[in-house]
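Colleague: Chains as they are written, first to last, in the numbering used here: chain U, 849 to 961; chain R, 2 to 116.
The hints are simulated quantities; they were obtained by calculation from the structure and are not laboratory data.
C-beta atoms are modelled at their ideal positions from N, C-alpha and C, and glycine is treated no differently.
Selected chain U positions facing chain R (in silico; Cβ < 10 angstroms):
1. Tyr883
2. Lys892
3. Gly906
4. Ala940
5. Ser942
6. Gly949
7. Arg957
Next come the chains, spelled out residue by residue.
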Amino acid sequence: NAGVTQTPKFRILKIGQSMTLQCTQDMNHNYMYWYRQDPGMGLKLIYYSVGAGITDKGEVPNGYNVSRSTTEDFPLRLELAAPSQTSVYFCASSYSQGQVGYTFGSGTRLTVV
Amino acid sequence: AQKVTQAQTEISVVEKEDVTLDCVYETRDTTYYLFWYKQPPSGELVFLIRRNSFDEQNEISGRYSWNFQKSTSSFNFTITASQVVDSAVYFCALRDTGTASKLTFGTGTRLQVTL
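Work the whole structure out from these sequences, hints included.
Modeller: Put into structure tokens, the structure is as follows:
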């Protein structure tokens, strides 16, 4: 049981480049989330999804896009990377019941130069 | 809107000291869930404990204990006899019961335990 798998673990992008952060879960969770963690800060929600075909913006969605074509996959797309997007990105998944915690991926450390 | 405040940015203690990490939250929900996560230097997020808003029973698990007080909207975490391996960033988080049951994090408290 792999849980939540994120790839890549590290990436350096040049300003203006684009990339996709991959996230896959094998627990049949219907809810999935993308968070970013800036140095010395907590995690901020970028986008979330309550099921295949359904996505919505979180607290800090600008500069990102997501899709949810299957229950398992929830990729995060960065278009025209900017230095402000330098951060650690965490994907998470959960059942719908609130009393259950999230399962987090191991994170992707992204640097935009 | 949900809000979680961890006023302590960084705490340094000597091994074997007890340390309490503070967490204060704000929510309009009557049912909600509170969590503590640990983030060691390796960077992953490790789940420690969950509390339901309707369960104010405090808990002790080994060297860890939690104090949930709904009247003061606080969910504090205590490590007894701290160890170097406890050095990490600790996050308090609040999960609502709205759409997608989103998790709102505090800014974290960095705990440094030295010999």
